[in-house]
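Here the protein sequences come in this chain order: A and B. Using our numbering, the first residue of the first sequence is number -3, and each one after it goes up by one. Using our numbering, the first residue of the second sequence is number 142, and each one after it goes up by one.
Check before you lean on any hint, since a few could be wrong.
Computed from the model, here is a short list of chain A residues facing chain B with C-beta under 8 Å [claimed, not checked]:
1) GLN22
2) LEU26
3) GLU88
Derived list of chain A stretches under chain B, where covered just means 3 residues or more per stretch with a C-beta under 8 Å from a C-beta of chain B [as the list claims (entries may be wrong)]:
4) 28 to 35
5) 89 to 95
Just so you know, the hints here were simulated from the structure itself, not pulled from any lab data. From the three backbone atoms N, C-alpha and C, an ideal C-beta is built for every residue, glycine too.
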Amino acid sequence: MRSEFNFNRIQSVEFCVSLTSPDGVQASHLVPTDRSVQDALRQVLHTTTAAIEPDDGNWLQFELSEKYASRENLRAPLTAKEMAAVKALHAEEGWPTNAGALADPARLVYYFGVFRDDRRRKLLGVRKATQFKGAFKGRFISIIDDTLRMVTDKVFKLDNEFDILITRQHVYVLHPAAFEHIAKIESYAAERAKEKTLELGNLITFLDFAALAGYVETHRRAARLVAALAAREDLATIEREMFTRAAKEAGVVLELSGGKLRPARGSELGCLELLDHRRYTTALRPGTKSAFIASARRPIGP
Amino acid sequence: MQKRINRGLPVARVLMVISSLAPLFLLWAIRGAQPVPDCFWIGGCLAFAVLPTMALIRRWRVAIRQNDRRTVVVSAARDQSDHLLVYLFTMLLPLYTANLGNTRELVAAAASFVFIVFLFWHMNLHYMNLGFAILGYRVYTVVMPGQAGARGISVILLSKRTSPPEAGTEVDGMRLSDTVFVEKADAHAQ
């Protein structure tokens, strides 16, 4: 991360917000800020970098089908297909100036700071604006002249950390849930879910994906698993016999249909999880193997 | 209903437009107007020439002090210093040659002055100021890149560059208004 941006030589700071118009179109606007806000944004960036960098220096790769904790240390390359929205956000420059953009907080989706270093490299720190909306809706107490008073003016409260940092090469994720919202991951997974499922049939020829396609269209979790599988390059090496054996052990019921296998009703998600290494068994004691579902898992070694 | 953008600093922009008419007020002060005693006329003209210009200088200084700036990324740029000619022919000369010999003519000139100020304010033409040219600034219209390669917004860049910045150039711009920026290295030199 530090090779992609010089955090000690920030030359300029800009503040932008992303708003939805009444007709649902989302667009970013630049809000002019003075030195105090720019300094505060710098501070937020420093707090975020301290929190986001893994202690051992090894970044975990973001996976579409993974369920993450509220705080993680993840990284994803901007070249990945599912990062199209994030890449576009980083590439955009011509935000219209709009000092009144904060007048209607209900329209605010997220806000971001644009930082540029001495080599003109750009880094975006993005934060989903839940707390911001809360700041407008709720009431604030502050200490003025030694007495507590309710602040009646509209108050913008910067968060302590950004959810994600975006450089030209990578997106670094501190809060996965907010990241998935900003990056429109659900939309990406749902987009062409049926076609993507059918395309998997070209790689895993012994499975009938036509039967799965309808299921994926209506199940978000399944759509994300399919999107994750579509990005994999090792699917063609899966062997029918090994898959069948693993399915039996992991409780995934398969049926034979026209010479191909297909998951029985109720085993559709299990079948996709099995393909995505999210169903596994252990054999630490004699007898029937115990089967588990791994909503979150990390690869060990190569 | 979505609020219109690029309409920030409305009062400052009016003052900047009036400031751009400072030469006209100086000429009017010299000419005089029959229906108004010189002491009021000259004082009024000088006030109109000086006060809005002071507001412009104030805005300039505030922008520097607050570090009110943005990086203007150039997608396309063209030199539009010839806009000053438009300014001369549409504002200065017609108003200067207006007859101020009687009250009705004076009121008519004042009305046309108001119309022109409104038009220039409404069209964000407050950058047309002989003062900028005297200080050595050229006027460039810069188109910024939008999302997904689309054409972004256009802004005015006041710069001492002798040719338009090339595509891909990043210029540190000090914000005079939502659509007018002064190249920062030049701005601080003032």
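Against the structure, the hints come out as follows:
1. GLN22: violated (10 Å)
2. LEU26: LEU26 of chain A check passes; min Cβ-Cβ to chain B is 6 Å, inside 8 Å.
3. GLU88: holds (5 Å)
4. 28 to 35: holds (count 5)
5. 89 to 95: The restraint on the stretch 89 to 95 of chain A holds, since 7 of its residues have a Cβ under 8 Å from chain B and three suffice.
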